[in-house]
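S.K.: Chain residues, written in single-letter form:
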Amino acid sequence: KAGVTQTPRYLIKTRGQQVTLSCSPISGHRSVSWYQQTPGQGLQFLFEYFSETQRNKGNFPGRFSGRQFSNSRSEMNVSTLELGDSALYLCASSFRTGYPWEQYFGPGTRLTVT
Amino acid sequence: ILNVEQSPQSLHVQEGDSTNFTCSFPSSNFYALHWYRWETAKSPEALFVMTLNGDEKKKGQISATLNTKEGYSYLYIKGSQPEDSATYLCAFHDTDKLIFGTGTRLQVFP
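The listed protein sequences correspond, in order, to chains A and B. Straight run, no breaks: the first sequence in this note's numbering ends on number 188. Straight run, no breaks: the second sequence in this note's numbering ends on number 114.
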């Protein structure tokens, strides 16, 4: 079974630009969550999508948005990039049945904003 | 705001040493606690999901215990090997999302 994939793996953008990151979950998984990790911080929850609907959102500004497609693939968009957005962005997928559900992580996208 | 704390922040041990780390989390409204192992340049890998007070789980030389009443979990590694070098994360399962600690970075020297 293929794991969670994220593209691109590395990205360099300039302040003020926007960026879109992609996450393909494990086949059959309907939930995709996004996390941000910056130096010295734990993984910070951004949002979760389940069956194309945002179920939950973390404490991030509106510049961070996402969506999920009917095949469960998800994209995350950050508009008007700031230097502080430089981070590793991880997505995780889960089947979300039973409780608690396990999350399976992708390798992440390393975003550098200059 | 829920807080999950892990200690120590980093640990350097010799091959063959046993070691343990702590994860502290809110003791009220407990659902579950997750442990992950995260090697550099790889994806975080799930180790354990713990749900019941007194739970003890084991995977090879790694084991974990859970005390939900006092809000802590211990992760033990018996006889550490260089390949155990990684960051170990715990995550408190808060209703419908995971709240992660900052991790314990373990370095095992041969």
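Among these hints, one or two may not hold up.
Capping the alpha-carbon separation at 25 Å, the derived lysine-lysine pairs in DSS-like fashion look like this [stated by the list, open to error]:
hint, chain 1, residue 1, chain 2, residue 2
1, B, Lys73, B, Lys101
2, A, Lys87, B, Lys46
3, B, Lys82, B, Lys62
4, B, Lys73, A, Lys131
Some, not all, of what chain A presents toward chain B, calculated at C-beta under 8 Å [what the hints assert, rightly or not]:
hint, residue
5, Gly90
6, Gln115
7, Phe119
8, Asn130
9, Glu149
10, Asn151
11, Pro181
12, Leu185
Everything labelled a hint here was simulated from the structure, so no lab data went into it. Because the structure is a prediction, the values reported are computed rather than measured. Beta carbons are placed, not taken as given, at the ideal position from N, Cα and C, and that holds for glycine.
S.K.: Are the hints correct? Go through all of them and say.
M.R.: The hints, checked one at a time:
1. For the hint pairing B/Lys73 with B/Lys101, the CA-to-CA distance comes to about 21 Å; that is within 25 Å, so the pair holds.
2. A C-alpha spacing of about 23 Å is found between A/Lys87 and B/Lys46, which places the hinted pair at or below 25 Å, so the restraint holds.
3. A C-alpha spacing of about 11 Å is found between B/Lys82 and B/Lys62, which places the hinted pair at or below 25 Å, so the restraint holds.
4. Simply put, B/Lys73 and A/Lys131 have alpha-carbon atoms about 28 Å apart, too far for the 25 Å limit, and the pair is violated.
5. The interface hint given for A/Gly90 is violated, since its Cβ lies 30 Å from the closest Cβ of chain B, which is over the 8 Å cut-off.
6. A hinted interface residue such as A/Gln115 counts as satisfied when its beta carbon comes closer than 8 Å to some beta carbon of chain B; here the least separation is about 7 Å, so the hint holds.
7. Checking A/Phe119 against chain B by beta carbon gives a least distance of about 5 Å; that is within 8 Å, so the hint holds.
8. For A/Asn130, the interface hint holds, the least distance from its beta-carbon to any beta-carbon of chain B being 5 Å, beneath 8 Å.
9. With a cut of 8 Å, the hint placing A/Glu149 at the interface with chain B is violated, because the nearest CB-to-CB distance is about 19 Å.
10. Given hint, A/Asn151 at the interface with chain B, is violated; its Cβ is 20 Å from that chain's nearest Cβ, farther than 8 Å.
11. Of the supplied interface hints, the one on A/Pro181 holds, with its beta-carbon coming within about 5 Å of a beta-carbon of chain B, less than 8 Å.
12. For A/Leu185, the interface hint is violated, since its Cβ never comes within 8 Å of a Cβ in chain B; the closest pair sits about 16 Å apart.
Comparing the model with each numbered hint stated earlier shows that hints 4, 5, 9, 10, 12 do not hold.
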